[in-house]
Amino acid sequence: MTDKRNILIQLDPDAQASTFDRVVAVDAGAEVIFSHHSVTPDQVEPLVHGAIFTRGQEDLRHTAIFIGGTDVTQGEALLRRLLATFFGPMRVSVMLDANGANTTAAAAVIAAKKHTPLEGATALVLGGTGPVGQRVAMLLGKEGATVRLASRSAQRAKDTAAQVNQTLGHPRVTGVEAYNHDNTAQALKGVSLLVAAGAAGVKLLSQEQLTGAGSIKAAIDLNAVPPAGIEGIDVMDKAKERHGIVCYGAIGVGGLKMKIHKAAIRSLFESNDKTLDAEAIYAIGQTL
Amino acid sequence: MTDKRNILIQLDPDAQASTFDRVVAVDAGAEVIFSHHSVTPDQVEPLVHGAIFTRGQEDLRHTAIFIGGTDVTQGEALLRRLLATFFGPMRVSVMLDANGANTTAAAAVIAAKKHTPLEGATALVLGGTGPVGQRVAMLLGKEGATVRLASRSAQRAKDTAAQVNQTLGHPRVTGVEAYNHDNTAQALKGVSLLVAAGAAGVKLLSQEQLTGAGSIKAAIDLNAVPPAGIEGIDVMDKAKERHGIVCYGAIGVGGLKMKIHKAAIRSLFESNDKTLDAEAIYAIGQTL
Amino acid sequence: MTDKRNILIQLDPDAQASTFDRVVAVDAGAEVIFSHHSVTPDQVEPLVHGAIFTRGQEDLRHTAIFIGGTDVTQGEALLRRLLATFFGPMRVSVMLDANGANTTAAAAVIAAKKHTPLEGATALVLGGTGPVGQRVAMLLGKEGATVRLASRSAQRAKDTAAQVNQTLGHPRVTGVEAYNHDNTAQALKGVSLLVAAGAAGVKLLSQEQLTGAGSIKAAIDLNAVPPAGIEGIDVMDKAKERHGIVCYGAIGVGGLKMKIHKAAIRSLFESNDKTLDAEAIYAIGQTL
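Protein chains in written order, with our numbering: chain A, 1 to 288; chain B, 1 to 288; chain C, 1 to 288.
Watch out, some of these pointers could steer you wrong.
Computed cross-link-like contacts, DMTMM-like style, restricted to lysine to aspartate or glutamate with a CA-CA straight-line distance of at most 20 Å [said to hold, decoys possible]: (1) B:Lys262 <-> C:Asp3; (2) C:Lys4 <-> A:Glu31; (3) C:Lys259 <-> A:Glu208; (4) A:Lys262 <-> B:Asp3; (5) C:Lys259 <-> A:Glu58; (6) C:Lys4 <-> B:Asp277; (7) B:Lys4 <-> C:Glu31.
Partial list, computed: chain C residues near chain B (C-beta under 8 Å) [claimed, not checked]: (8) Lys4; (9) Arg5; (10) Asn6; (11) Arg55.
Some chain A residues flagged as far from chain B (calculated, every beta-carbon gap over 12 Å) [what the hints assert, rightly or not]: (12) Phe20; (13) Arg22; (14) Glu31; (15) Leu83; (16) Pro89; (17) Lys113; (18) Glu143; (19) Ala185; (20) Gly214; (21) Gly254; (22) Thr275.
I should point out that these hints are in silico values taken from the structure, not numbers from a laboratory.
We put the beta carbon where it would ideally sit given N, CA and C, even for glycine.
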């Protein structure tokens, strides 16, 4: 039978399941959505069993799981438990996009790639230790860029870079500190791509440093709450040229992010063997 | 795009989201319903953000919010927070009908208006300090009636009347006490419309006083649980004439209440700027 | 109006509503499902009122209630409260299948009946004091079999047998102890039908005793987790002949169980007066 309705099981660690995630799922064509809130790792097993033991092998692709909510660490813990519960072909497709980190990172890197080559480029990721920054650094490394992952703390920058390099399998990412004019200037040397992925409302770079760096071709600020992470970039900027630099703001990237999110949800129902994390979601984004 | 499915987000402060509210929403044509229970005011912001940041401006009318549950005070607190989260045109339509208070009050006043003029009439609302009673008094005041809002406590009656008058913008409502034969008789003098909106199963008026008052043209008892709030009115009465008085019981008003409720839900999806409280719901009811 | 969508209200005492129960409900054609988790008996009344006071008498068959989750005792408590909330024709159809106990027991007995007559047969139910075992014993007794309900504890076996006999209205079931080779051999004497309904992963019978008993025509092991409850039966066995005995494993019975579950859900929407417990579900299974 292939007349099964497409069911998306939304697992959310937050006290209220995200309406954002659910509206996007509806608009991506998920016909039935089961929304679970306050989900803890020890509750995952029966939730997964209900997904894999109810439909025949050939119909498993019509059931999928989405892990969302605001906390990426909690989302990753749910994903680990979930993947451990599958056995062999008895599984369903799953997507992780807690706090929108995977779709946001994918959209930022895809937007950048339209304007500047990534292979061999030198990129700087400000606010690089957060979930979005880490993913941006990883995807850029994957594309062959040399990445500087910046943080106010040199130690956290190095630790995070080491983690990302382990994921990559080779050292593409270096942790650097950037908390004042001088070390930020140092981090900017020779950079062609700049991405700011810091906390909401924290200014990470002055307009003077942005335009003074000279080598920057594209700059993307993922901060949606004023003030901008990169001074001078407007939240609505979408490939807007400013002082010779192609600029994107958070909402400017947002349209692509939403397209990627919906395409990823749709792809969950193509087969039962997908695990959509940052890389797989980035791959989907590149086909759009 | 206008092929978006109509999503109703049900926010309920109770431990289980109301099945009553949800069945009515289904029957009113809401295509997808997100049911949230145990909702507190501090959880409203992200729930609203998911509603307003996921669809384009032109599609926002396809998402709406319904605030229900049993506690009107909690429902009003959610509504306040929700309206404060909207900014300008970035909003969706919203309806408040906690404990059915708005649709019940609207139905009662519309039923009354079919049988007796409200403009210039003298009306008595027994059990007037509760959420339904307050709303009945307000709508009657709006229609130009002189309203006596009665309670067992003179103080609470006065306080509530003052509150309703503030909403109205002019003094139409007077608080009166009615806890025994004599002060109830006093409250009944010259009254052409009587509405009982007291607690379930509490008798507020004897049949003798009802028929003895002389001036009453219509009497509506909104109490669904025996004994009746107004002795002699049957819960099924629907424009039933008794001793020259047109009578309605709770179920007799219920059919109209349900029609109003469904029409209000449907109207939520006509534009993204509606805030359906007692007055707006009453206006919708009058078009039916 | 008969254009109402079929609504299934899922009541689940567990912290997360069963995805198993919900996927099956979707596949059985329930158009809209309300999933309630952490449901306690004192919350049942308003949940039921929402089901019975929202649609007209002629449309009540389009709303139904499913009680599921993992705990049969909690499920039965919800059912009792629910039936007490209905009054006369003001009710909706309801199905209880907590832990799949009713559909599993029905499937096991129907599978057995295909291969050996039940009327006048002697049957042994190992692990008979659990919810599935009790229901298997009851259904076999109903079909006219003489049933031995076995447990490691003679007392619990007797108490449970007494309970089942009370349900049956006549003494068909005897409690027996079976915890070692000798008393199990005693319990097996003259048995033509053997059902194992013990705890997951507990071996209740050796292959030697199974084949040595001589009289057994059919053996059904409802344990899905290795080791098998009856040694030598594979979880996939479906009417597989082994040493002259027709054998079923848990998954072998599972296909029929799912068919019964879906047929039962569908039948809920045929009228508003059904209470689907073990017997009624068994009756539905026999029509398939």
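Legend entry - Hints breached by this structure: 3, 6, 10, 12, 13, 14 and 21
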